[in-house]
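4 protein chains.
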Amino acid sequence: MPGAKKGILERLDAGPVIGDGGFVFALEKRGYVKAGPWTPEAAIEHPEAVRQLHREFLRAGSDVMQAFTFYASDDKLQNRGCAANATHSGAAINQAACNLSREVANEGDALVAGGVSQTPSYLSGKNKEECQKEFRKQMDVFVKNEVDFIICEYFEHVEEAEWAIAVAKETQLPVAANLCIGPDGDVHGISCEECAVRMANAGADIVGVNCHFDPFVSLKTIKLMKQGLEAAKIKCHLMVQPLAFHTPDCGRQGFIDLVEFPFALEPRILTRWDMHRFAREAYDLGVRYIGGCCGFEPYHIRALAEELATERGKMPAASEKHDICAGGLKMHTKPWVRARASKDYWQNLEPASGRPYASAMSKPSNWGVSRGHEHLVQKQSATTEEEIDEVKKFKQ
Amino acid sequence: MPGAKKGILERLDAGPVIGDGGFVFALEKRGYVKAGPWTPEAAIEHPEAVRQLHREFLRAGSDVMQAFTFYASDDKLQNRGCAANATHSGAAINQAACNLSREVANEGDALVAGGVSQTPSYLSGKNKEECQKEFRKQMDVFVKNEVDFIICEYFEHVEEAEWAIAVAKETQLPVAANLCIGPDGDVHGISCEECAVRMANAGADIVGVNCHFDPFVSLKTIKLMKQGLEAAKIKCHLMVQPLAFHTPDCGRQGFIDLVEFPFALEPRILTRWDMHRFAREAYDLGVRYIGGCCGFEPYHIRALAEELATERGKMPAASEKHDICAGGLKMHTKPWVRARASKDYWQNLEPASGRPYASAMSKPSNWGVSRGHEHLVQKQSATTEEEIDEVKKFKQ
Amino acid sequence: MPGAKKGILERLDAGPVIGDGGFVFALEKRGYVKAGPWTPEAAIEHPEAVRQLHREFLRAGSDVMQAFTFYASDDKLQNRGCAANATHSGAAINQAACNLSREVANEGDALVAGGVSQTPSYLSGKNKEECQKEFRKQMDVFVKNEVDFIICEYFEHVEEAEWAIAVAKETQLPVAANLCIGPDGDVHGISCEECAVRMANAGADIVGVNCHFDPFVSLKTIKLMKQGLEAAKIKCHLMVQPLAFHTPDCGRQGFIDLVEFPFALEPRILTRWDMHRFAREAYDLGVRYIGGCCGFEPYHIRALAEELATERGKMPAASEKHDICAGGLKMHTKPWVRARASKDYWQNLEPASGRPYASAMSKPSNWGVSRGHEHLVQKQSATTEEEIDEVKKFKQ
Amino acid sequence: MPGAKKGILERLDAGPVIGDGGFVFALEKRGYVKAGPWTPEAAIEHPEAVRQLHREFLRAGSDVMQAFTFYASDDKLQNRGCAANATHSGAAINQAACNLSREVANEGDALVAGGVSQTPSYLSGKNKEECQKEFRKQMDVFVKNEVDFIICEYFEHVEEAEWAIAVAKETQLPVAANLCIGPDGDVHGISCEECAVRMANAGADIVGVNCHFDPFVSLKTIKLMKQGLEAAKIKCHLMVQPLAFHTPDCGRQGFIDLVEFPFALEPRILTRWDMHRFAREAYDLGVRYIGGCCGFEPYHIRALAEELATERGKMPAASEKHDICAGGLKMHTKPWVRARASKDYWQNLEPASGRPYASAMSKPSNWGVSRGHEHLVQKQSATTEEEIDEVKKFKQ
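Chains as they are written, first to last, in the working numbering: chain U, 16 to 411; chain S, 16 to 411; chain C, 16 to 411; chain E, 16 to 411.
This is chain U alone, in the form it adopts within the complex:
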């Protein structure tokens, strides 16, 4: 019986909560999500794949099964000829996603969260009422399915986040709110400090960032948010679910701007040792909801849970196939690999890329267009070759 589980706020008060990783990137690599539209119809079409990924995160230590509802708003499904729209309604996808997350959550002690994220409607300049209508359709499904709390995430503009939080509050459930911004603030130039205060004032119980930046850049953002909240004498929980890609070279728009997005990010993938450092630094900063977004695989989540095993008083199930100090290597057949069986070895290693013709950093596209720009206005029909040529000319 799910109701018997401790709620998210209770858990956060007690100690660190481990989130899960991003589904669209992980399932794209497994063959179930299309890069570009990134819509989650796999919950209906290939439930076994979504269920398996939930299970892997649960096994890795996740305390929350986030229903796979990212970009499952109707306006996103109708955008630019998205194929999913032809066969599935947003409501059906959201329902299927809730089923799967609840099923797996109940295989362990995890909670279920329903999530909404930024809408094409907002980017196209639509008003508060229109955007909130999109959010409300998803919320209705979440309420019907008795999810444990709501996550409003992946907002580039705090204004849209506030609109989403307002709708989320109608559910009476705890609400977490995450922007996808870096230390420079939101895309409209509003500072991290102010963004945090505005989200908390809008009703968010948990405030933070997800996606768009790597863990270490994201912790800088969180630090600023924390300062803003403290200055405003607001008490709320902090949350971070960053990328598993190193992004020291991003501009304000995050990894979307990187020339490697989304099909050549491999060299930027974090190791498990990067994740240990991330978990420790996040915890030390006072963040209590620590998870991941795009690029996180189950072993990344396991590294977070292992790093904080003492604080959590438990090890994840998947640690039966792992050893926090690289101890599994003691069983390797080759002696020089056995010699690497220590945490020190790995934490002091800067891993080579094997790519002598590539650089360490790249220069972001940095178009600098934001809400309301003609190129951002969404449309329902597929993008034509002529339109592609046009955007190519706009800025290379």
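Rather than coming from a laboratory, the hints here were simulated on the basis of the structure.
Where hints are given, some of them may not hold.
It does not matter which identical chain is used: a pair holds within one copy or between any two.
Claimed, not checked - With a Cα cut of at most 30 Å, we get these calculated DSSO-like pairs of lysine-lysine:
{"#": "1", "residue 1": "Lys-184", "residue 2": "Lys-241"}
{"#": "2", "residue 1": "Lys-238", "residue 2": "Lys-159"}
{"#": "3", "residue 1": "Lys-143", "residue 2": "Lys-20"}
{"#": "4", "residue 1": "Lys-159", "residue 2": "Lys-407"}
{"#": "5", "residue 1": "Lys-378", "residue 2": "Lys-407"}
Remember, it's a predicted structure, so these values are computed and weren't measured experimentally.
Following the hints, position chains S, C and E against chain U.
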């Protein structure tokens, strides 16, 4: 009824066959395999995870479901305190692996292959009879399960491969044989040309390499093997199942020697565009069995199948969620990402690592110990801290 | 007759003045200066070498011949067993340096500047009077030699710079004052804005930075200084003489902290194209005294003078052997090198290091000791092996 | 009286001889040579600059003053609108160069060498007689000036080198012959082994390579040459004068093909520690004439002389301002720099580039045109913009 499917040799005569990817690395990241011993007891303990990975490779275009029997010999299970040994026999693991691969193969048109690989017995200096006894135990399971063909793979020494091929030939099934060597030849210094000839003469119908080196280094090895076979006037099929990690800096022992092995190889992971190039170059060289090993995820296999879609006359099922020319990006909400919707863009990109404190290449450990060296002799009890200290001192 | 030349302030009012490059690094590579003590006894011992370097800078477009008096204070000569101290007095070295700079300045239209820099006395915690005594000894020589103006440079602490400026003002000559700091401010933590104001208030006619950081980091510092001066409504000229080494990874102490200092800085050397960009950005920021410090070779100075040729109304003499748009390559025997004969080609090139085992950035030593720390106190006798072992232990 | 000095062959028999560095690159940076035509009219126009560079190399330990006659053949001076041709004859330049090298050689115990190099005539497809006529004009000057030996160097084709050696032999002086090739052999595809044998058979007393490749690539070439000579039972001295730029990524044409040639090679410059390794490896391979070419500055030559100080029984004069074990740093004012006062520290350091947007290696232009190709045919008039556009189109 499996018998109705075309056999592996018939398929190779007709055109390119796409293999699958390596299971131990993929399942390690998903939480089901322990790095170090790398043993496949997940086939028994977590069949849903193994089944799902098989399905993803099938969906990605794999024509062969390789039973997950890597390192499932009894002598490997008994090595250095491997936990799996306590609960599962080698025979039981091999049986479970056969069940799963056959189940998923029959969901499509794929064949099932049973595989054996190099043994701790050989590294410890045991003789032909003892090593062959290990191989024969696995072969017995494969024959009982009516696998479609045998793969002898991951041998560092051609001598042991010959011993394995001899046992594999007893099954009357087609035999593929792969060494895990680079252009410098096997660990005893035998040239690639000679290795290929010896494997063919030992009875292998298909000859090549797997693991230990990246696709482009491996194709250099294959080129030498092909020259050796041609000079000896031997006709047989060529096969390559390399790493999905860039290894321009490896020595003779391959990626095992890299200081990043196995827990910090992330920056070396190949992109899908690297895979397109690999598939094309392999095909142009005359290789007809093209697959992957450690590091390959389903999307890597899909890239191979997509590159050779014309030659194969079909697209993989998972391409419903992909577009060979990055076309999915036309549906992205951001115009500058839509501008990246072309194959040209991606094939000309050298992706940045996001790691300014790391180098492009690293210097391999290069211990240079080989068969019979005291540090290579295997033992059943767990490695002690004292033994680790000893190997650390041997060479830093 | 030198007096007939326009003075430095008049020249700065009229347009950009080009400085010269650093002597100690250039002459170290030519074999005349010892890295470590960096003292300028070559002015006495090998005048032909110093004269030739002056001439090359003059020919490259330098408007100022800075007398080679860096670290020519008596307390520096007496530090840690410096050999020069045995044979030459500070006064004799300063005199020889003045002779050479005047001789070459008069071969063209250049001015002569006498310079003082931070003293071991200050680092050792000595008081204002003691430090000023060192400065005054050098100033006496400059006045006797009728130098055209004074440069107080390479100060890590604005307090010591103020002491030096005060002494320099006694000469009645124009005074330029440069700290060797980055955007984080001086080593005592005083902001760039405040540093600039304090130097101007102490009497400096020209204010800026030299050494320790690359041109682009240094321009960030200058920008802050400019803001400080503007906020304080102070009008004075800006000056920048940075390193010719890329230092994106430096901490507060600058390149001294880099693990590559001073014997492995080669991969960081700026190209002439970097210098073009530097000159343009400096000019656009309003800096009118633009020169170089350690690492600058004559061709770097020439690039500054060429970039600003229009603003200066003249080309340097050495441009007879150069072409601002890489046009000399049109005369190359190989056609593919002729194809590189354009400025565009070079300005868009990110040059490879040829060092696949090296990283892009390094982590500075960052000891964080400052004025008064026991390890900073200077002494006259040579450093012993025991003392070296002790500092090695202090922080690796 | 020069005749009293020991000759080059005698010196080579006795132990290592240290050469000097390349003049055109060093003097280009000092403002006296134009990149592109690279002609040495500075010997006439700015003798003080040439003299000073000679002196610095002498002081750094060079045993040979190579007259600055590189590209001083009449056909080179008349190529593509070279300005020097208008005012100076080849004979005059060669004479001035001989004067300067003799003057400085006599300030120490150095020998004077006269040098010839490959001709535009050969690249244009002219015959043996025509090419030899060019060589003979330079040889006449060398004989008249009683140089101590002849160096035929910088030949991409062994055939032209043979023609040059034949003319050099007419002088009755010892002859050294160097190709500018890598391990792949000459530009016509002739192997290093054969090239060495052919040069020795043509009469060269000393055989080796100069320019085009870095020291470590060049030593691979020398190793092959040595094997060729040994197989042919020919005894002669080996010589190497490589670049001071790292070129692991060059193709057959060497650094000319690198996209960074010639104006962005800075990040590739070798450190003094690279030079120590080079000197040691060259000596151990049996090379007895060890010097440098483009990119070598006096401190690089000093490093060679210091590394072989024991074998040579002496230290270079410039070592009075250096300490072979970085000992000068013991006198640094900062303790963390004093902690770097050991050879170990420097030899284990892989220096960072400070360029996070640049890669470690680049892809050479690799046009693959060779002798006789229309784009290689030389002409007297200046290259036009149209011709540049044409070569740009030929291959980007």
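Outcome of the hint check:
1. Lys-184 with Lys-241: Only inside one copy: Lys-184 and Lys-241 sit 22 Å apart there, 49 Å across copies, limit 30 Å.
2. Lys-238 with Lys-159: neither (36 Å within a copy, 58 Å between copies)
3. Lys-143 with Lys-20: For Lys-143 and Lys-20, the Cα distance exceeds 30 Å both inside one copy (35 Å) and across copies (59 Å).
4. Lys-159 with Lys-407: neither (45 Å within a copy, 59 Å between copies)
5. Lys-378 with Lys-407: both (17 Å within a copy, 26 Å between copies)
Hints 2, 3 and 4, counting from the list given before, are not met by this structure.
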